[in-house]
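Asker: Sequence:
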Amino acid sequence: MKDYEEEAEEFKMKHIYSHIAATEHKEGSVALWLHSLNHRNYPDLQVCGNGDNITSEDNNGKESTTVESMAESTAL
1 MKDYEEEAEE FKMKHIYSHI AATEHKEGSV ALWLHSLNHR NYPDLQVCGN GDNITSEDNN
61 GKESTTVESM AESTAL
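Under full-length UniProt numbering, the letters of the sequence shown match residues 1 to 76, in that order.
Certain hints may be false.
List of simulated lysine-lysine pairs, DSS-like, C-alpha gap at most 25 Å [to be verified]:
#	residue 1	residue 2
1	K2	K14
2	K26	K14
3	K12	K26
Taking CB as the label site, the calculated pair distances span [to be verified]:
#	residue 1	residue 2	range
4	P43	A8	40 to 46 Å
5	D44	E6	41 to 47 Å
6	P43	E5	39 to 45 Å
7	N38	D3	20 to 26 Å
8	K26	M1	30 to 36 Å
9	M1	H35	25 to 31 Å
10	S36	M1	33 to 39 Å
Treat the hints as calculated values from the structure; they're not laboratory data. Note that the Cβ used here is the ideal one computed from N, Cα and C, for glycine as well.
Whole structure, please, built from the sequences with the hints as guidance.
Answerer: Structure, rendered in structure tokens:
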């Protein structure tokens with residue numbers, strides 16, 4: 001494959017990556033997927049401001065609400 005590495009890279013850039021980019025621009029499937037990732041799936045990725053209420057669910061389905069200061073959470 002080393003003999004064709006340059007041609008393979010050129011083919012990927014010209015045909016594969018351009019197709020992926022055009023499809024994403026047209027359909028927005030990756031953007032929709034990223035938007036679907038929310039605090040229920042990934043609670044550690046939730047961004048909040050000072051004094052925001054954070055509602056989370058434990059493994060048993062119980063919801064709890066906490067108030068957290070951004071300064072406190074970033075100081076850890």
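Asker: Evaluate each hint against the coordinates.
Answerer: Checked hints:
With a C-alpha separation of about 19 Å, the suggested pair K2 and K14 falls inside the 25 Å cut-off, and the hint holds. For the hint pairing K26 with K14, the CA-to-CA distance comes to about 18 Å; that is within 25 Å, so the pair holds. Between the alpha carbons of K12 and K26 the distance comes to roughly 20 Å, so the proposed pair stays at or under 25 Å and holds. Between P43 and A8 the Cβ separation comes to about 41 Å, which falls inside the hinted range of 40 to 46 Å.
Between D44 and E6 the CB atoms are about 42 Å apart, so this pair conforms to the stated range of 41 to 47 Å. At about 43 Å, the beta-carbon gap between P43 and E5 stays in the expected band of 39 to 45 Å. Distance hint for N38 and D3: a CB-CB separation of about 47 Å, inconsistent with the stated range 20 to 26 Å. As the Cβ distance of K26 to M1 is approximately 32 Å, the hint placing it in 30 to 36 Å holds.
A C-beta distance of roughly 38 Å is found between M1 and H35, which places it outside the suggested range of 25 to 31 Å. A hinted range of 33 to 39 Å holds for the C-beta pair S36 and M1, which are about 37 Å apart.
Of the numbered hints stated above, those contradicted by the structure are hints 7, 9, listed in ascending order.
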